[in-house]
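There are 2 protein chains.
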Amino acid sequence: MSNFKKRKHDSKTGETRLRLGMQHDDFRNAAHTLVDRIIDYHKTVSERQTFPNVKPGFMRSLVPDQAPEDAENWPEVFSEIEEVVMKGLTHWFSSGFFGFYATAGSYPSMLGELLTSAIGSIGFSWLSSPSSTELETVMLDWLAKALDLPKFYLHNGTGPGGGVIQGTASESTLVTLLSARDKAIRPQLSIDPNQCRHDINKRLVAYTSNVSNSSVEKAGKIAFVDLKLLESDEMGSLRGKTLLDAIKEDKKNGRIPFYVCATLGTTACCSFDNLEEIEPICEKEGIWLHIDAAYAGSALLCPEFRFIAKGLECSTSFNFNPHKGMMVNLDCSALWFKDSSHVINAMNVNPIYLRHEEMGRAIDYMHWQIPLGRRFRTIKLWFVLRMVGLDGLRNHVRRGIAEAKHLEELVKTDERYEILFPVVLGLVCFRLKPELLGNKIANDENEKLYEAIHHDRRFFITPASVGGKYLIRISTGSLNCSTAKLDEFWKVTREITDKLLTKNKFTI
Amino acid sequence: MSNFKKRKHDSKTGETRLRLGMQHDDFRNAAHTLVDRIIDYHKTVSERQTFPNVKPGFMRSLVPDQAPEDAENWPEVFSEIEEVVMKGLTHWFSSGFFGFYATAGSYPSMLGELLTSAIGSIGFSWLSSPSSTELETVMLDWLAKALDLPKFYLHNGTGPGGGVIQGTASESTLVTLLSARDKAIRPQLSIDPNQCRHDINKRLVAYTSNVSNSSVEKAGKIAFVDLKLLESDEMGSLRGKTLLDAIKEDKKNGRIPFYVCATLGTTACCSFDNLEEIEPICEKEGIWLHIDAAYAGSALLCPEFRFIAKGLECSTSFNFNPHKGMMVNLDCSALWFKDSSHVINAMNVNPIYLRHEEMGRAIDYMHWQIPLGRRFRTIKLWFVLRMVGLDGLRNHVRRGIAEAKHLEELVKTDERYEILFPVVLGLVCFRLKPELLGNKIANDENEKLYEAIHHDRRFFITPASVGGKYLIRISTGSLNCSTAKLDEFWKVTREITDKLLTKNKFTI
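Note that the protein sequences, when read in sequence, are chains H and U. Following the numbering used here from start to finish, the first sequence increments by one per residue and tops out at 554. Following the numbering used here from start to finish, the second sequence increments by one per residue and tops out at 554.
Some clues are possibly wrong.
If several chains are the same, the list does not tell them apart, and a pair holds so long as it fits within one copy or across any two.
[Unchecked claim] Cut-off 20 Å, straight-line C-alpha distance, at most; resulting in silico cross-link-like pairs (DMTMM-like, lysine to aspartate or glutamate):
1. Lys267 / Asp228
2. Lys229 / Asp272
3. Lys101 / Glu404
4. Lys549 / Asp502
5. Lys267 / Asp245
6. Lys89 / Asp71
Hints were generated in silico from the structure; no laboratory data involved. Bear in mind the structure is a predicted one, so any value in this text is a computation, not a measurement.
Produce the complete structure using the sequences and hints provided.
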C-alpha cells in the first residue's frame, strides 16, 4: 500500500499530499534532484545522439498500459526520465541540432515556467488575474521598443494599438486573418444588411507567397476564406507587381482583396517578402497587411539587421516568436495590432460569467486570441529580458548569425556545392550542384544526401523545396550551436558526399 | 557594468551565461530559493486577499518603461516577484477562491512543467520528438481507461480512434467543429465537384444549447458556420425534442445539420445536456456529436458519478480538462476522436520541411490541432497520474463534490436563499428568493449581493445568468478549498445580506 493511502486522512502533512500531490519537503527534495538533473542534461546534451534510434510504437513496451491505482514515489518516476523520456527524444538543445528553426530556452525562462505553474492563475480577463494582463502589456511595450517597432504598436502610445502573447505564430496569423475577415465583412453588411455573410465571405480573397509557412495556408482553411499562394521571385520573395496583378484580376472579377500575409524570414529558405513594394499597395487598397516575422523578428533587436524590415511603418499587425530567437521557451509568440478593436470585434462573445466592473477600462486578453484560458506566460519573458538584458540578447542573435556566415564560407570552399539563398540571418541553404551530377535538377540526389546525413545520426537536419529545388537547410543559433560543431558537420557532409559519389549511389 | 558584460567573452563559465542566461550554479541556487518561495506561497496563500486592491493601469508605476540593457541578477528579480507579480494577483489557489471553475495544479505537475521547459523539444511531428508524441498516445489511453470511455477512443484499440492534448477546451471544440465541417462538405463536393464550397458551407448548421460555454459560440464565429443556440429546459439541459425540431425545420429549408456540441457540466450552472435523448438523433441523422465535458469529465474517474455520461457510446468526439479537475496545470485539455482521419483531412497541409520517413506509420499531432508548435505537455500529466495515482485523483474529485454538498446544506438552512440547479458535482448556484424581496425577478438585488461580496474581498466569486435568472455560483474543489472555508463564506454572505436588507439597499 502506498504512502499516499496510509497518510491521506491522517494529519496535516497527509492533507498536503492529498491537495498538492506531494508533501512540501518531498517537493523540495524532488525539485533539487530535478534541478541537478537539468544542469547535468545541459552540460552533456551534445554528447547524446541528436535523433534517437527508435521506431513508431517504441513507447508501448516501456510504459504500462494503464495508470497506477496507488501513488508512486518520486525516485521511481525520476529514474524513468532517462529510460522513457530521453530514450526517444530529439535533442533540440544539442549542438548537432540544425533542423527546422532553433527553439529557444534558458535558465531564467525555466525559472519563469516553474513560477507560472506554481501560481496557476488563468489570465483570460483583467479580473481573473490583473498582474498577468498588466505585466503582459508592459512586456509587449518593452519588446516593441527593443525591436524599434512603429509607435502605434505600443499600449502606452496614443492610439488603439497594442500587443499580446499568443502560443505560436500559427495562432497569430489565424487571429489576424479572422480580424481582417470581420473588418472586411462589416462595411459590406452596413451597405446592405440583408446580404448573407457567406456570400460576402465568398468574395473575399487573401494573399501570401508560395514560400510562406504552411500555417498561413492552414489559417486560410480554418477561417474558410480563399487564400492565394502567389508566386515568389527567384529569391523566394513576394514582389509588389505579382501582388498588384493578382489584386487587379480579382477585383475585375468582383472579388474583395482584404488580407496579405508577408513574411520576414520564411521557414523554407529565410527569404524576405518585399515590404517596400507591398506596403503602398496594401495601403492604397485598404488591405490588412500582416507581417509574419516569426523567425526573423528577433534580429530586429540589432540595429544592423533592421534593414530587413524596411517599410514596416505601414503594417496592420506584426508577429515574431521570442521562443525562436530570444531565449524564451515555447510558447511565447508576440503579436501587435495597430488597432486592437478589430480583433475584439471579431472574437468577442461576452457571457455574464466573464464580465466585470472594469470592462472597457482594462484589457481582456480572451478577446485577442482563439482560446479562453491562458497561462501567465509573461513571467518567463520578464525573467529573460531582465536576467539576460538587451545587450545579452543582441549577442545571442549575433552569435547565431555569425555561425551561419561561418558555414556559408565553408560551403563555398567546396565547388561541388552551391548556396541557394543569400545567408542573411541564421539559415544556410545548400545543395550539390546539378552540373556535378550531370543532371538538370538533381533533387533525388540531394534527397539522398539528406537521408544519408539523417541516418548517420550525428546531426539533425531538415530539407526544404523552393521553386522546385530540393535543398538542405541548416539552422544555426541554437542554445549549443558553435562554429566548431559546424566544422564537424561540414567535414561529415563532405565525407558522406564522397562515399555517395564513389559508390555511384547517385545513379538513378 | 553587469557581471554578464564582464564575463561574457572570458571563460567557459562565461560561455554558459551567454547561452543559458545564467551560470549552472547560479541556476541551481536560484531554483532552490524559488522552490522555497513556492512552498511558502502554497503554505500561506489562503492568508492573502484573494482579489487584489488594484485598478487598471497599476503596473505602469511598478515596472520601468523599457527593458534593461545589462543583465540583472536573480536577487533583484526575485525580490520583485512579491512587489510586482503578487501585488495584483487573483489567487486561484487560495481557499477563498470560488470563481469560474477551479483550476488545477500540484507539485508533481510543477516538476513536469520544469522538466518540459528544460528539454525544450517541440513535438509537432513524430520526427520532431518521438517520445513526446508516443508518451502522449499512451497517456491518452491511460486517461480513456481511467474514465471508462468507449474503447473506440483508444489509440491501442482496433479502430481509427485516439486522443490528443489540446491547450484548452475552446481549442478542442473548434478543432472538432472544423473536422465536422470538412467531413460534411466533402460528400457534397463529390456529388457535384463544381459546387462552390462557400455555397455548401452556407447550408451547414451546427447546434448547441444556450447554456453552453461561450467558447462554443466563438468556435462557430471562427469556423464561419451557422451555429444555433437552442433553448435549454428549466434545468439548463438541451433536450432531444428541441434538437429534433430544429433539425426538422432546418432540413425543410434545405439546410444540412452537421454538428452538435453537447455539454456535461455547463460553466454557468453545471447542468447536463440529455445525451440519452440527443445521441440517437445524431446517430440517425449522421451528425457529428461532440461532448464538451471540460469540467465534468474528471468526475468520470469515479464510478458513482458515471451516470452523468450515460449514452456516451454514440459520441464522435469527447473532451475534458485534466487542468480543471485532475491536478494537472493548465494547459492540458484531453480530446478524443472516434475516427482521427477526419481531423487530419481537415487540418493537414504538409510542406516538405515537415515531412519524414515514418509519415503514415506514426502520428503527427500537428494535424490534430490549430497551431504547428506544441510543448511536451504530457510530462506533467504522466507525473500526476503516477505520483497521485488513480485512487488519489478519485479522492481529490470526491473531496470537491463533498464540499459543494456541504455548502448546499448550509444554503438550505436559511430560507431567504434558494438553490437554483441540482448540486451534482462541485458547483452550487444560489440566489436570494425573489419572494423575499417582493419582486418577481430580483436580478438587480442579487447582482448587488454579488458585488457586495466581491468588494468585501475575502472571497472571490463569479455570477452567471441562466434562463433570465441572475445567480451566484460557487465552485468548490480548488487546491485549498475546505468545508471550514465554506462555513466562513456562508457566514459572511449572510452578514452581508443582513446589512443590505437593513439598509434597504435592495430598494430600487
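When no copy is named, should Lys267 and Asp228 be tagged within, between, both, or neither for a Cα gap of at most 20 Å? both (16 Å within a copy, 10 Å between copies)
Same-copy or cross-copy closeness of Lys229 to Asp272 [CA-CA at most 20 Å]: both (16 Å within a copy, 19 Å between copies)
- Message: My question is about Lys89 and Asp71: at a cut-off of 20 Å on alpha-carbon distance, are they close within one copy, between copies, both, or neither?
- Response: between (27 Å within a copy, 12 Å between copies)
Between the shortest in-copy and the shortest cross-copy C-alpha distance, which are at most 20 Å for Lys549 and Asp502: within, between, both, or neither? within (16 Å within a copy, 81 Å between copies)
key: Within, between, both or neither, where Lys101 and Glu404 count as close if Cα-Cα is 20 Å or less   = between (54 Å within a copy, 8 Å between copies)
Measure nothing new, just compare the shortest in-copy and cross-copy C-alpha distances for Lys267 and Asp245 to 20 Å and report within, between, both or neither.
Both. Shortest intra-copy (17 Å) and inter-copy (15 Å) distances satisfy the 20 Å Cα cut-off.
Hint violations for this structure: none, all hints satisfied.
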